[in-house]
Amino acid sequence: MSCNCKGPKSDLTLLNNIFEEISCVPENLITVLQKAQEIYGYLPEDVIYHVADVLGAKPAEVMGVATFYSQFRLSPIGKYLIMSCQGTACHVNGSKRVSEAVADYLGIKHGETTADGLFTLENVACLGCCSLAPVIMINGEAYGNLTPESAVEVLKTIKEKENGEK
Amino acid sequence: MMRIIIGEGSCGIAAGALKVHSAIENLITANDSFSLGSTGCIGMCYLEPIVDIYDGEVLFKRLVRVTQDKAEDIVSSVRSGDFSLVDDITITSDDEEFLIGQTRIALRHCGLIDPTSIDDYCNADGYSALKKVLGTMTPEDVINEIKISGLAGRGGAGFPTWFKWNAARNSSGEDKYLICNADEGDPGAFMDRALIESDPHSLIEGMLIGAYAIGAKEMIVYVRAEYPLAIKNLEIAIAAAGKNGFLGDNILGSGFSCKMRIKAGAGAFVCGEETALIESLEGKRGMPRLKPPFPAEKGYMDSPSNINNVETYANITWIINNGGAAFAAMGTENSKGTKVFALTGKIKKGGLVEIPMGKTLRDVIFGIGGGIRDGKKFKAVQMGGPSGGCIPESLLDTVIDYKALAATGAIMGSGGMVVMDESTCMVGMAKFFLDFTALESCGKCVHCRIGTKRMQEILSRIVDGEGKTGDIELLEELSLAVKDGALCGLGQTAPNPVLTTIKYFRNEYEAHINEKRCPAKECAALRRYAIDPNKCVGCTLCARGCPTKAIIGKVKETHVIDTTLCVKCDNCRKTCRFGAVTIN
Ligand SMILES: Cc1cc2nc3c(=O)[nH]c(=O)nc-3n(C[C@H](O)[C@H](O)[C@H](O)COP(=O)(O)O)c2cc1C
Ligand code: FES
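Protein chains in written order, with my numbering: chain A, 140 to 305; chain B, 51 to 634.
Hints were generated in silico from the structure; no laboratory data involved.
Some hints here could point you the wrong way.
[To be verified] Okay, the calculated beta carbon distance ranges per label pair:
#, chain 1, residue 1, chain 2, residue 2, range
1, B, Asp-138, A, Leu-153, 51 to 61 Å
2, A, Ser-214, B, Asn-371, 47 to 57 Å
3, B, Asp-534, A, Glu-299, 54 to 64 Å
4, A, Gly-279, B, Asp-175, 26 to 36 Å
5, A, His-249, B, Glu-472, 20 to 30 Å
C-beta atoms are modelled at their ideal positions from N, C-alpha and C, and glycine is treated no differently.
Same shape as in the complex, but just chain A:
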């Protein structure tokens, strides 16, 4: 089945390498989606249809998997992905106030992206650096022992750097 979706058209040829590397059976669906997300940054609708086609699965099944796992995203993310830890150790050490301060500063809610496309904020459960709680991770780099103020400082620095480059 081909895609009738109205969304932007993705360059599906980028997926060819994945299909050469991984055998195209439904069992590998999660791995294929992970690689696809690495390419596009999220899972565009036409990519979901295309993957279903190639793996011999129903689009609904692929969509089912894509929405079940928190790793998969159905919309593009900002240049900086902020993962704000809400694990137990971080919770006990005040992560809620940190993530509220971050959300306030950026003017977005958990799961949203700023209008300038710079930041996406996501709440996650445990980044594995619990002894540095509360922790946020920005594009893979961890910042620990945060206070609401120091977390905002980190973002300010990134924003200034970005504005300077423009």
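Let chain A serve as the given structure and place chain B with the ligands on it in line with the hints.
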């Protein structure tokens, strides 16, 4: 020769270990006669970044909380042999106690070897257990040795490992699978991450022995996607093991063949449950299956499969090398060997702790962990994550033993140990876990899907100051219904955090419901702000910053808060320079 070794596990890196590494690297010249290397997690996460200086094989100096700007002092100390420059960052004898109090079996190589070097592992007696097994033991011998050891699953439930291996061995089927559960879903725990990052070959070797025992030809490690470094180090180790003849066809010429691969999870707590994990391995939504059939009969691809936790496998080589009896000599009557815990929360010294079963919670929290930080008072320790419970101060002398911990209403769990002080609201804690399980419930069974949601709603109401008489009883009733009716362990254990907090901290629930008061002063909706007339100087700062104009007062006169207008934003308390704003 002197060696500088930096702890580069995830915690170390998060604290800046890589920056320290490159700063030192940049200072080293061709004339220097010492080397620079890295190791995994040393376990003293609260002291990261840690730099160890070895004289040959002997640890000569341990430097802690090292920053980049100390790089020059470190390098010149190593050059001159005079370490007075680094006195300020040398570990204190009090901090050294953290490791001295431990017995390390699963963690025996962590922080001592370079996880990316198979030579380091082999020099530390690595792969000798595999050689012994393949050369001198039958699969039955192996299973028997594990039986003697009394090893029980470290993933949470504590099921005897030999029994599962034996069942998988006796199942008929050509293709059998040996699976490692490295999903580590308990938010606030990181034992498995540290183990894989720091000693991946131990996992491979332990799994190979298991695969030989059950007759598996393929091994799969299901790792949480949030653990990129663990995945990377394990990939390196699998490749090196293959090159050295420890994986693949005809391993060490024994005729035993076994392959290994990694599968990255995609973020779903329920996938830690073994049948959901199998569904996920098959590329599907991680929905648990009804048991029986157990994975040992019908698991991955409907073939006999054995699933164990990372730490379970990490104990295997030690047991083979030292004998099951030596392992069984440690611990209590029904819990043998050691257990690794991730000690976090309001603790002074947080990190990885491995101790023999039979020690008390007090030994771990106040002995090794050094007690509560900031001079506050201990309130509770949470064990077992979303499936576990909170244990109060009166039960701190409970021994670490599967049965003794279960009797408190909590569980041994996989090793998360989050310590809480008087500033943590226990109702808030219960709500925190129910928020988590309600979100992570896969939705397959009604009791879990709707039951956790209703419990979450009641708890939200209570912390928002809208609790009603009868809410506690309703929560208890719902808890039992969810426990009884849920399909898998997620739902069956989800009420534990609620039940244990009601059992031990009922007064906090009652204060929220009847007096609309949060004893820990944590629940924002229940805070009542006031200005202390003895401290207020009338500077007007708070009044000017109040978003709802709830603060009334003239310059140089005591201000007051109109509680009907106050939205509890906490601005005034933060801006007051005289500490005059109090919360009741
Ligand atoms: C909701 C849920 C989550 C679980 N998460 C994990 C986990 O993250 N890691 C783990 O090893 N076991 C987890 N388990 C336990 C596994 O189902 C299984 O018992 C375990 O992997 C068996 O290994 P063991 O015998 O070595 O402990 C979980 C169970 C449930 C019900
Ligand atoms: S709880 Fe936040 S990093 Fe583990």
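Non-conforming hints, listed in increasing numerical order: Hints that this structure does not satisfy do not exist here, as all of them hold.
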